[in-house]
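Could you build all of it, start to finish, from the sequences and the hints given here?
2 protein chains.
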Amino acid sequence: MMTDLLDPPASLPPVQDAPAPSAARPPINRRLPAHPVVAIVGATGAVGIELIESLTARDFPVARLKLLASARSAGLRLPFRGREIVVEELTEDSFEGVDVAFFSAGATISRRFVPLAVKAGAVVVDNSSAFRMDPGVPLIVPEVNAPAMAAHEGIIANPNCVAAILTVALAPLAQAARIRRLNVATYQAASGAGAAAMEELRAATGAYLDGQPFTPKVLPHPYAFNFFSHNADVDPDTGYNGEEDKVVAETRRIMGRPDLPVGITCIRVPVLRAHGMAVNVEFDRPISLEEARQLIGVAPGLRLVDDRVGNHFPMPVEATGQEAVLVGRLREDLGDPSGRSLALFIVGDQLLKGAALNAVQIAETLLPR
Amino acid sequence: MMTDLLDPPASLPPVQDAPAPSAARPPINRRLPAHPVVAIVGATGAVGIELIESLTARDFPVARLKLLASARSAGLRLPFRGREIVVEELTEDSFEGVDVAFFSAGATISRRFVPLAVKAGAVVVDNSSAFRMDPGVPLIVPEVNAPAMAAHEGIIANPNCVAAILTVALAPLAQAARIRRLNVATYQAASGAGAAAMEELRAATGAYLDGQPFTPKVLPHPYAFNFFSHNADVDPDTGYNGEEDKVVAETRRIMGRPDLPVGITCIRVPVLRAHGMAVNVEFDRPISLEEARQLIGVAPGLRLVDDRVGNHFPMPVEATGQEAVLVGRLREDLGDPSGRSLALFIVGDQLLKGAALNAVQIAETLLPR
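These protein sequences, in sequence, are chains Y and C.
So the first sequence is residues 1 to 369, counted in the numbering used here.
So the second sequence is residues 1 to 369, counted in the numbering used here.
Heads up, a few of these hints could be off.
To be verified - If you want a taste of the chain C side facing chain Y, the calculated C-beta under 7 Å gives, among others:
#	residue
1	V262
2	G263
3	N280
4	L304
5	R308
6	V317
7	G321
Unchecked claim - If the Cβ cut is set under 8 Å, some of the chain Y residues that face chain C in the computed set are:
#	residue
8	N183
9	A185
10	F214
11	D233
12	R308
13	V309
Read the hints as simulated data drawn from the structure, not as lab findings.
Since the structure is predicted, the reported quantities are computational estimates derived from the model, not experimental observations.
No residue lacks a Cβ here, since even glycine has one placed at the ideal position from N, Cα and C.
Here it is in structure tokens:
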């Protein structure tokens, strides 16, 4: 599955915001050696752990793996391919000799250390939101817009988890017909708020079942058998929260549709690590269910789970740990009398396609053929 | 709060399907005595227990309470106003002397026993789906369409839980502007599938946390930290499940809008007894957020929970046990470029406004003034 996605298939959407390479800049290592030295920043976090797993699962040709984290986590040992690797403290000198660095330690760390990594010669795949809307930094879901990577200048941004899962699921439909309008209601897992939030969900639920009090520390609301509007700050003027703003902006950018109308409501539900979304898509022409099923059935990165008789559709217990994003509940959207809209339900592993897997797939496209 | 809603306020939607009283039929007791004899069929179920609670909470003037259930539950004792009432087996003779009977034992029981109760002189408030689409049976949410009750012939249907919570929340907006289109994604609790499903959610979650296997018996899919498409059977032709079909048909009927386009996706999430819904509403004119807030803020049965700065919006932990349906996350719907759509998030107690409370409110409107 290590496809070279830099060759744009004719059907991919046009690249709209990758800048022309600047002749005045120093040369950048735009591709990786056959066996790159790999660094993971934030190696002990929920996504960091999955990055190590994904490198193994996908047989990424790692020459050497460097695990970086805060001073607090330095000295921990994490398993990789049968050996243990000692976590080192992230410093300004951490990136010497590194070919590719995966950053997953939040936007503040990325803003400070990503430029140092690039200066040291590494290509950075950044999982934070720091550079996602920077016009000089491609924002990539390989199955959707790999051609936009061609002009990278050392940094490639990995999208918000909802945007990644949503756009990979919509890609085959968007190639068949132009999307006019999108509406999304999410069912988001604890993992999007990190390993501590996953542990808080377990602990809060255990306390509830034992009849014990529990005070949330990571998330702003009780999580046991409860759901709540996403914990990102809410814009007091628009009423949309930061998560929703990210999903809208990044979905538009990945799909090359800067003006696409997107309605969205982001809700955290008490599940551990798979995000769901109920989606309505209006196209510029009617797409039959048969056509939609065929498109989704053969699209890379997707699995059609759409058994009406067995009432078997995408759900977290089956998406967790899976590279494929599950797509199902394909129906005509009865809320649109024009007959040009479909409804579907999507579930993907937030830590895999929503984060670590997509980042490793980005790096794969930079390996020699 | 025992308002007499039979007097139609001028702003309520037109009654479209209540038939004219038939002069040929025998007279029906259309109203209740000041102190009615009350029966509850299905008294030991999740809704039955809440019916007893709601009669107490709302000071319903019960002369005598008769609790009816299957032979299996007969002999159990349930508390009511400081005394214990022995549950009796439901038989064909159970309704002698009963003024009002609440049915909550499923459509099969209702189809068989409701006609017997009416024949015995009782007014029936039926919580099952058996008669909801019968043109001779009003389907009532008192805050929305109480005038449609006037022509009842002994049976009044209590709506599906989602339809009740959704329509009471939309009522003030629908009175201010005509709704053109509706889209709903639900976050539904275990209680909709009964007390056994609530217990299964607790047990499955406890087993998961203990690392023990668990085989679901009540619901078709694992429920611990999982969500799944609603368990009602799916129409193999349309892809919509029975719950979605009910919500669409009943919402249209309650709102007096038989052709309203309604898009819907019903999902069960791991919460115990409050249903959520992310809703998009397109109106025939733009409604400002200020206007929407004012309308919802003064509407009967609703509580506006819309604190953007505190990131505090409707959620199950605050809706559970509450009569009011919580409405918040009011925003312009950015998925509709016309600017005529609002987005909102609604959470209501499935067992209260979604079932028992609404049934008791229906009976209240039949009491003498």
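Now the hints, each set against the structure:
1. A hinted interface residue such as V262/C counts as satisfied when its beta carbon comes closer than 7 Å to some beta carbon of chain Y; here the least separation is about 6 Å, so the hint holds.
2. Below 7 Å, beta-carbon pairs count as interface contacts, and G263/C has one with chain Y at about 2 Å; its hint therefore holds.
3. Look at N280/C: its Cβ gets to within about 6 Å of chain Y, closer than 7 Å, so that hint holds up.
4. About 13 Å separates the beta-carbon of L304/C from the nearest beta-carbon of chain Y, more than 7 Å, and the hint is not met.
5. With a least beta-carbon distance of about 4 Å to chain Y, the hint placing R308/C at the interface is held under the 7 Å criterion.
6. Using the Cβ-Cβ criterion of 7 Å, the hint placing V317/C at the interface with chain Y is satisfied: the shortest such distance is roughly 5 Å.
7. A distance limit of 7 Å between C-beta atoms decides the matter here; for G321/C the minimum to chain Y is near 13 Å, and the interface restraint is violated.
8. At its closest, the beta carbon of N183/Y sits 4 Å from a beta carbon of chain C; the interface hint therefore holds under the 8 Å criterion.
9. A hinted interface residue such as A185/Y counts as satisfied when its beta carbon comes closer than 8 Å to some beta carbon of chain C; here the least separation is about 4 Å, so the hint holds.
10. At about 12 Å, the closest approach between the beta carbon of F214/Y and any beta carbon in chain C exceeds 8 Å, and the interface hint on this residue is violated.
11. At about 7 Å, the closest approach between the beta carbon of D233/Y and any beta carbon in chain C falls short of 8 Å, and the interface hint on this residue holds.
12. Among the interface hints, the one on R308/Y holds; its C-beta lies about 4 Å from the nearest C-beta in chain C, closer than the 8 Å criterion.
13. At about 6 Å, the closest approach between the beta carbon of V309/Y and any beta carbon in chain C falls short of 8 Å, and the interface hint on this residue holds.
Consistency note: the structure conflicts with the earlier hints numbered 4, 7 and 10.
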